[in-house]
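Put together the whole structure using the sequences plus the hints.
Protein chains in written order, with the numbering used here: chain A, 185 to 352; chain B, 289 to 980.
No wet-lab data here; the hints were simulated from the structure.
These numbers come from a predicted model, not from an experiment.
One should not assume that every hint holds.
Claimed, not checked - Which chain A residues face chain B? A few, computed with CB under 10 angstroms, are given here:
1. ARG204
2. ASP209
3. ASP225
4. CYS229
5. LEU271
6. LEU281
7. GLN282
8. GLU323
9. ARG329
10. LEU334
11. TYR340
Said to hold, decoys possible - Some residues of chain A that are not near chain B, with every Cβ distance over 12 angstroms (derived):
12. LEU188
13. ASP237
14. ALA311
Idealized CB from N, CA, C, for every residue including glycine.
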Amino acid sequence: MDELTITINGMDRELVVDERTTLLDLLREELGLTGAKKGCDQGQCGACTVLLDGRRVLSCMALAIAQDGREVVTIEGLAQDGELHPLQEAFVAHDALQCGYCTPGQICSGVAMLAEAGEGWPSAVTAELTGDGPVALDEREIRERMSGNLCRCGAYVNIVAAVRAVSG
Amino acid sequence: MSTTVRPLSVGASLERADARLKVTGEARYAYEYPVEGVAYAALVQATVACGAVESIDTSAALALPGVIAVISHENALALEPVEDAELAVLQSPRVAYRGQIVGAVIAERIEVAREAAALVEVGYAPEVHDVVLRDDHPRLRRPETVLGSPADTDEGDIEGALAGAAVTVDERYTTPAVHTNPMEPHATLALWDGDSVTIYEASQFAAGAQAIVAEAFALPPANVRVIASHVGGGFGAKGYPRPPMFVAVMAAKLCGRPVKIALTRRQMFPIAGYRTPTAQRVRLAADSQGQLLAVGHDAFVQTSRVSEFVEPVAFDARSLYRAENRATSHRVVDLDVPSPGFVRGPGHVPGSFGLESAMDELAERLGIDPIELRIRNEPDIDQESGLPYSSRSLVACLREGAERFGWPRPRRREGGWLIGSGVAAGSFPCFQMASSAIARAETSGRYTVKIDATDIGTGARTVLAQIAADELDAPYELVDIELGDSRLPYAIGAFGSMGTASWGHAVVDACRALKARLEEYEEIPEEGLEASADTTEALEAPKQYSSSAYGAHFAEVRVDAVTGEVRVSELLGMFGAGRIISPPLARSQMLGGMTWGIGAALLEESLLDARFGDYVNSDFAAYHIASCADVERLEVGWVAEDDPHVNPMGSKGIGELGHVGVAAAIANGVYAATGVRIRDLPITPDKLLPRI
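This is how it looks when you write it as structure tokens:
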């Protein structure tokens, strides 16, 4: 067991954790933040996606103890002052979910992905690799960039529509 | 004129009732209920496919700090036998398949449980295993029934018709084993209180799980409560209890504290059910005008040594098209493999790949458009049952779909892409099973409907409120639905595309009874007013009609001439499924089924290693379900269908329909694009490229 200082959804936490505990199990089993889901526990499905210092990470592949001093935002922390994040609203409006199990990961992934594109990060399908402005997110870009988050219900068409609505 | 008519809830595009809970992470799934003092279970699994456990050394596991117990057949709770022998968990040293549960570790922490499970040393007396399905397997047998229907049918003289026909098709089609893989792995949280147990379960059928647990643990059913409030997908895999549920319930009893378990993704492959691989022989005979003379469909499937499940592969062929001579058969072989079970679109999905590919081949040999061929063979009545159809919209789906898609689209080439289009039909029967419900009027002016339905993502919370609102003549917003708890009025599970039909019927009846009671009162009494209904009697009447939902899929397929990669650039599904209660949620369901279809056609295949006797590509890195990038333009269309006979809502099941026929439409599109007929799913570059 070891000490860990971490900020979760804006709250500073001083924790004692087992060195084997993943960030996902810390959130779900120790802190009661069950919004991040365990779909595969080996970094292949994206259901556990959270924001770590603003970037999307697979929390099942991150050891909790290695996140000392960092800031985590989970699906529970996306709403501000009782207002859902625009992407959460868009998922509702476009019925971009069915069983809901992959949904928190999809939304966290989408929020970070919008930021990545805004900062000009290319994807495997980005034609222009030399530009320094934001990448325009057409459907192909969104599909490519959201492919780390699996959805067995098959809500992809609506997920893409929801992300597109927010990407403006 | 200023008459205001309140828009009806049924048919309205309302927001999914639990959408906000799901986008905020507040929806709780089985594993996630906070429980004081919960212990974690991790499984020990057989590493041989056939044989017996000879020795179990638990000393290293038990020595690990935090381990509470190791359970095996040597110290397990004795269970009463139940019908599904899969559930005789840890009752004997026999091993029936690789990956079967032979032990479980209970520990204070999840990390400890997993580490300790790896430390349990199990010795086996292995026996020679037999794990490969072949259509000439010497132990193939005719099952007594296939899901309660005859295994074989034989009308007329199929051999004679084939011998004398102008045009015939006689081909072999194969589909691989596919795994259900809901995103939420099977999970159970069990809490005992004396002789009563509460179980939070990833289940499609809480009441079914309750009954089986009560039987196996020798408890009165009232002492077993199963709660399945939110379920992360099921697709058939969570229809009935799977072995890990019994591990958790047993361990919680033995350890005297709450225990929870969730399968790992890898454990889902041997333990959580899958669709059998199939081999199919499809024979069609037609006259020169495209009139079908004979339809033959023979299926070969596998089941396990512990439980019989026979995939109803050839059911579609019994009534989809009109032909005087029809014969179908199912043969099954018991192998030392994990137990197959229901997977979305059971029977119809693999069967339609064979039948609808063969129809495409027949159309080509006849020189008739494949849509025209199907229309020419539209039956007047259901030839299988002799009953008239309550409604049947296959022709409308084909015609309206063709118009919308712009069928036929000529084959073309764009750069390195060979582009072609394919069409296929699909159908799924309308089942309904007895269910009950309570409707309550509260003094607050709100209504509560109680029913042990489950919402596995299909939208039961939404559509049942819509149905109740209309029956009660009340706004949708005033109706509260309580579901997903075996303490609520009994209802059948969320499977077989029968949820909304079965539950909706009970809700309609309960609401009508409540309305009748309300008329007796000036105002609602303080304790509220309620009425209940049970559809058991209503469903006992003999069937007057044959009812199915129908669809037609149109796929534009692109094949990379250099790499053999196949892309589905466009997929249109046209469906006739009665009254659509929630247009947006129904569309989501169909999109989901069609997305499964892309996976079935191009990606999904569980690979068995005959040396080990188990599926080896048992994770999402190696077992590919469709990802976001695999799904391009999907469209869903509905044909108007008014069916006054099928159920009080006039609705038909849609959970499976969207998946049935997609793979054939894509395979037919691949043929149109390349001239290569692939009769073995999935259509992967290694099969396609050498033949382009």
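Status of the hints after comparison with the structure:
A distance limit of 10 angstroms between C-beta atoms decides the matter here; for A/ARG204 the minimum to chain B is near 4 angstroms, and the interface restraint holds. Evaluation of the A/ASP209 hint against chain B yields a held restraint, the C-beta minimum of about 6 angstroms falling below 10 angstroms. Look at A/ASP225: its Cβ gets to within about 6 angstroms of chain B, closer than 10 angstroms, so that hint holds up. At its closest, the beta carbon of A/CYS229 sits 5 angstroms from a beta carbon of chain B; the interface hint therefore holds under the 10 angstroms criterion.
Below 10 angstroms, beta-carbon pairs count as interface contacts, and A/LEU271 has one with chain B at about 8 angstroms; its hint therefore holds. For A/LEU281, the shortest C-beta to C-beta distance to chain B is roughly 5 angstroms, which falls under 10 angstroms, so the interface hint holds. Residue-level restraint check for A/GLN282 holds (minimum Cβ-Cβ distance to chain B is 3 angstroms; threshold 10 angstroms). The closest approach between the C-beta of A/GLU323 and any C-beta of chain B is roughly 8 angstroms, which is under the 10 angstroms cut-off, so the hint is satisfied.
Checking A/ARG329 against chain B by beta carbon gives a least distance of about 8 angstroms; that is within 10 angstroms, so the hint holds. For A/LEU334, the suggested interface contact is upheld, since its CB lies about 6 angstroms from the closest CB of chain B, less than 10 angstroms. Hint status for A/TYR340: holds, given a least beta-carbon distance of 4 angstroms to chain B, under 10 angstroms. Residue placement check: A/LEU188 keeps its beta carbon more than 12 angstroms from all beta carbons of chain B (closest about 15 angstroms).
The claim that A/ASP237 lies off the interface holds: its Cβ sits roughly 20 angstroms from the closest Cβ of chain B, which is beyond the 12 angstroms cut-off. No beta-carbon of chain B comes within 12 angstroms of the beta-carbon of A/ALA311; the shortest separation is about 16 angstroms.
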